[in-house]
Amino acid sequence: MTVTSLEVDATRSKAGDVLLEARRITKVFPGVKALENVDFVLRAGQVHALCGENGAGKSTLMKIIAGLYQPDGGELLLGGKPTTISNPLQAHQLGISVIHQEFFLMNHLSVAQNIFIGREPKVFGGLTDDRSLNAKAQELLDRLGVPIDPRTQVGRLSVAAQQMVEIAKALSFDSHILIMDEPTAALTAAEVQTLFRIIRNFRTEKTAVVYISHRMEEIKEICDQITVLRDGQFVDSKPAAELEISDVIQLMVGRKLQAGLRPEPKAKTEPVLEVEGLSTAALLKNVSFELRKGEILGFAGLMGAGRTETARALVGADPKTAGTVKAFGKVANIDKPADAVRMGIGYLSEDRKRFGLILGQSVTANIALTSLPRFLKFGLLDDAKMAEAARRHVQALDIKTPSVRQILRNLSGGNMQKVVLAKWLERDCDILIFDEPTRGIDVGAKQEIYDLLKRLADSGKSIIMISSELEEVLRMSDRIVVMCDGRITGVMENAAATSENIMELATQFRNPESEESA
Amino acid sequence: MTQVQVSNMEVVEKKGIIPERYRGFIQQGMVLITLVLLAVFFSFMRPSFISWDNISQLLLASVVTAIQAIGLTFVIATGGIDLTPGMGMAATSVIAGLLMSSFGLPIWVGVLGGVLAGALLGLINGTLIAYVKMQPMIATLAMMMVCWGAGLVLAGGKTVSLRDVGGYNAIAMGEPFIPGLKNAVLILLLLAIIAGVVMNKTVVGRYALAIGSNKEATRISGINTPRWEVLAYVICGAFTGISGILMSSRLSSANPTLGQGYEMYAIAAAVIGGTSLRGGRASVFGAVIGAVTIQTIFNGLTVMGVQDQWQKVVLGIVVLVAVFVDIMRRGGKEE
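Residue numbers (this note's numbering), protein chains in the order written: chain A, 1 to 518; chain B, 1001 to 1335.
Check the hints yourself; a few may be wrong.
To be verified - Which stretches of chain B does chain A cover? Using the computed rule of at least three CB atoms under 8 Å from a CB of chain A, they are: (1) 1087 to 1093; (2) 1102 to 1108; (3) 1217 to 1227.
What the hints assert, rightly or not - In the DSS-like style, the derived pairs of lysine-lysine whose C-alpha atoms are separated by at most 25 Å in a straight line are: (4) K33(A) x K377(A); (5) K1201(B) x K353(A); (6) K136(A) x K1133(B); (7) K63(A) x K1312(B); (8) K266(A) x K326(A); (9) K330(A) x K353(A); (10) K122(A) x K1201(B); (11) K266(A) x K446(A); (12) K122(A) x K1215(B).
As the list claims (entries may be wrong) - Some but not every residue of chain A turned toward chain B, in silico, with C-beta under 8 Å: (13) P82; (14) S86; (15) P88; (16) L89; (17) M106; (18) H108; (19) L109; (20) I117; (21) G126; (22) T128; (23) D247; (24) L251.
Keep in mind the hints are simulated off the structure, nothing from the lab. Note that the coordinates shown come from a computational prediction; the quantities given were computed from them, not determined experimentally. Even for Gly, the Cβ is constructed at its ideal location relative to N, Cα and C.
With the hints as constraints, model all of the structure from the sequences given.
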């Protein structure tokens, strides 16, 4: 994996002409400024890494270049000329191809049919000429040096092979800018090397690659230039040779948190939840940790590190392949969410509108939902009793709603979050798992949620808080678990944690050479 | 980019013993083998089943469902569904019948009118679904009701007799080559070949399957997906119209209530033939074999003396088995 500097120089061409320039790009989404005056310069012959934390604006910038979003400010210059890219097809025609994390392929069609969809060669005035279609596809695949039969159904290919099909499609458009979003996320070490070989071959004096990734080792190996974004703003852009991995991380995390906001150390309490060797087929490998009574245990990590997956496997929402869970000292067999609820474990999904709430029903109905049996009177639901319970929670959690009869859709994000919480409290859950508790909640309401979490912990509830915001993790958590690639890469007391060491652990991808033994 | 190097990448995740290019062929063969086994079974139970008389009857009876199933295959390929074929057949046959009987127009006008009426139904369905973004199930259910009522209104609540339209009966019932081999069956054969070519060798079928596989990816690839979706419904509607012509020609009358439940047979035929209701996978040949299979079951059970009511129960079970086999073939996973 390590490349000596001599080899690097041999494979890297000199920086060429500017292919693409983004000038002062701004993009605003409701409530969020995703990009603010971001500059980005892509030169021919470069593999250009775009780095940043979750939500730094990498994907938004690439989507603007790919024609999926329109910028609210600033301009794009292609080959020096101001250009508007209004849709993905136009981006293709301008020579810009994007390999998204989620492939845009038609599983039931063959490789060749996928590559040339919309551009099928025809004979006899209308019939598709599959012979020449397959031949042209074969030619592209040969150029890539990948042994794929163009007649194979795409759905039957491995993830790596599907990615090659996407790259072949990009080549077929004669693209000179190839944008890759986390291209190695699902590849094995050997496949990564194949991909790198193809990227190196693609990079010529007329072409360039934008490489979005969290994997620092890979960035050091393959990239010539590194641009870092933070909170939607341009931070720095430097030749890769001039930056160490620690420098990049420093640029990515940047800000410092005032000491006063960090929690005071707490006395060690007894564990209420002990997770041992939790694994799933898709991602998790041997995840073990304990949650102590009255603490907030923060889960940090990058997107796709396996934090949500851990929570879902833990509460039985996804099947696990191995692992034991002990709750309150007893072995808990949790196969489905109902088991977890019975054990007093409540999971508050990051997507509350989809998984946490019934938007078309009242505050009362939502709070009572998981506890209906206790509101029965002669076998019928006792509305008065439910409303009374709801009013109790509305008061205790300070939910801002004109009445408990209010339909949930009309509440703000922060108050919706409180209603989900009330639902689990009503069900007597003592272990609460918050997945991104402040996502989509405005700044003022955030503080309220933070205070609420602290109060819950002080009152003896034990809390797991999954968060992608480093600042949030640092100011809320008594202890911090860091995950990467489906594994736990570190557990530490808050006092020992810094943005930098969390980010280092969060980007600690497996050493590819030792992967087979893992 | 001229370097060729054998990579160490694992290409195919789900390996199988069947080579890629024969895969579809083998799956089609399975359906055909099932049909043959059924025929052998019924012949064994009642030798009269295998008589030419019975077989020609069976084929004729399959025609309407087979033609509707062919059209439906294009819609299902896109991941949609169309409940219009049954009552659409009734309505279009009434329209064609009135053109010929009440207005006294020539047969070709009636035929064309029926087919175009069907295509128009499809155009409306497709527009509601692809552009207005209605759910296919709801839009076509509503259209089914409209057809049901419209057929009755147009026909004045009674059957339109076409006995006096000279030569109309021959469209379906003529026997130009072999005694017992009706025109309707030959027309089905011809349409199946054309539809098969359109599905497999033109962009019409290719885009329909692409939309059914992954509509967003197809759209991003620069395909005008709504337009091709509408076309699938228009094709389905036109085939519905053709089924209306053949049905009314066979009976020498257009019955505004005859068609109830036929859409279910057509859907069943497509599913038995290996078309996936999730979209992306479709077989015209399979739809025809599926229709013949359904008719074989009805016919065979009738020959064996099984009551009509029970035949529907058996058909329901057959459809469940076909779907189950489909799930097993995919290894229980979504494609």
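Out of the numbered hints, which ones does the structure contradict?
Checked against the structure, the hints that fail are numbers 1, 2, 4, 5, 6, 7, 9, 13, 14, 23, 24, while the rest are satisfied.
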